[in-house]
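Colleague: For reference, each letter of the sequence shown is one residue, going -21 to -1, 1 to 433 in mature numbering (1 follows the signal peptide of the UniProt record, and there is no 0).
In short, the hints are calculated from the structure, not lab data. Keep in mind that a hint or two might mislead.
[Claimed, not checked] Distance ranges between label pairs, derived from CB positions: (1) 385 / 126: 47 to 53 angstroms; (2) 273 / 395: 35 to 41 angstroms; (3) 385 / 123: 16 to 22 angstroms; (4) 339 / 316: 37 to 43 angstroms; (5) 137 / 273: 29 to 35 angstroms; (6) 385 / 140: 54 to 60 angstroms; (7) 315 / 33: 28 to 34 angstroms; (8) 35 / 154: 48 to 54 angstroms; (9) 292 / 340: 24 to 30 angstroms; (10) 35 / 426: 23 to 29 angstroms; (11) 257 / 360: 30 to 36 angstroms; (12) 264 / 123: 40 to 46 angstroms.
All C-beta atoms in this analysis are idealised placements derived from N, C-alpha and C, irrespective of residue type, glycine included.
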Amino acid sequence: MAAMAPSSVLVLLGVVLLVAGGRLCECAASGGGFSVEFIHRDSPRSPFHDPAFTAHGRALAAARRSVARAAAIAGSASSSASGGGAADDVVSKVVSRSFEYLMTVNLGSPPRSMLAIADTGSDLVWVKCKKGNNDTSSAAAPTTQFDPSRSSTYGRVSCQTDACEALGRATCDDGSNCAYLYAYGDGSNTTGVLSTETFTFDDGGAGRSPRQVSVGGVKFGCSTATAGSFPADGLVGLGGGAVSLVTQLGGATSLGRRFSYCLVPHSVNASSALNFGALADVTEPGAASTPLVAGDVDTYYTVVLDSVKVGNKTVASAASSRIIVDSGTTLTFLDPSLLGPIVDELSRRITLPPVQSPDGLLQLCYDVAGREVEAGESIPDLTLEFGGGAAVALKPENAFVAVQEGTLCLAIVATTEQQPVSILGNLAQQNIHVGYDLDAGTVTFAGADCAGSS
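Let's have the full structure, built from the sequences with the hints guiding it.
Modeller: Have a look at this one:
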């Protein structure tokens, strides 16, 4: 493997709360935050759910999407690290078609409901806007278009602004508006005009009456053309950059630049929760925080991985390797120097019959047909120890995935010379409340019953 920098792990009704002048009013501030539904693409609540697909087929498809997404993330990081300059400015941090989670946003006055990809690996918030034949891509499901002419709160952003400059490749149109081209790692792109609008969120947090929270003046891309695969109505960037929804909510409201999610296991017929403001605080017993560190791309939530345990035994030290925490990648990617000892120790401890991976993608698989797999007995827990003393326990359901009937495989794969970026994937984060706080500069983890709390 060629010499490289330390590996990087890449860790979307009732009362209406209004915002005046881009600020949350006191009624919203007193609510402490809000929670929206975080819908997995394979959930029955998703328009992309295919009932003919088996659970094992969905798991394999998610694994393949993970490889494509990781390759795009690595390409973005490599371009940035090598001084990619303008080219990197216009290449977003993810492959558009490799999304995993969706969220609903309501744009305009009156509100127009849009189903968007929700992504911690990119920044720009954008939706498809009505302008003739605006979508040139083939979509897996019908999409909704936003018509700016029907909203009384729509506005456009000048090209002489920091927000426009943050988009990289943007120009002034004839009206001195910010016209942008935003390209993704797979070659797809979206073009349009950077605009402002009132965003209204359906707050359905556990234990509270349904309500809506509105935030005015949110900057978003009003997309008038797309090329490539964008099956949803748009994309909500939840990254750490200047134009992400998280950063904008922190600047326009009292919520702060923080959010969290609690991912329900894919086998559970329930949606996860995406939380903002005080509701993003991770307060469950055992909560532990690790500092965010500088990565090759500002968008990514990068932390330090110090060591890995199998059971109570430390099997590998990471020498302060960087890892990205990412909601849009299913598998976890680790450097071979870490994964090798993990596989060796698991192979020594697990007495189940070994079998080959169905498609050769995953390294360590077992025959569990007709067997009860008990945590700590048949398969030991793994523990990831991050900088600052934060330890995250991965139960067998976080570390292994059933890829066909009776076959269970380790859902951690090795990075390569072509894809050297370490990523903590969403399978490893299920039933863990994960909080991102850009103001405090931390990511916090705590075990949780996500189905019960959402």
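Colleague: Taking the numbered hints from earlier one at a time, note which ones the structure violates and give those numbers from smallest to largest.
Modeller: 2, 3 and 4
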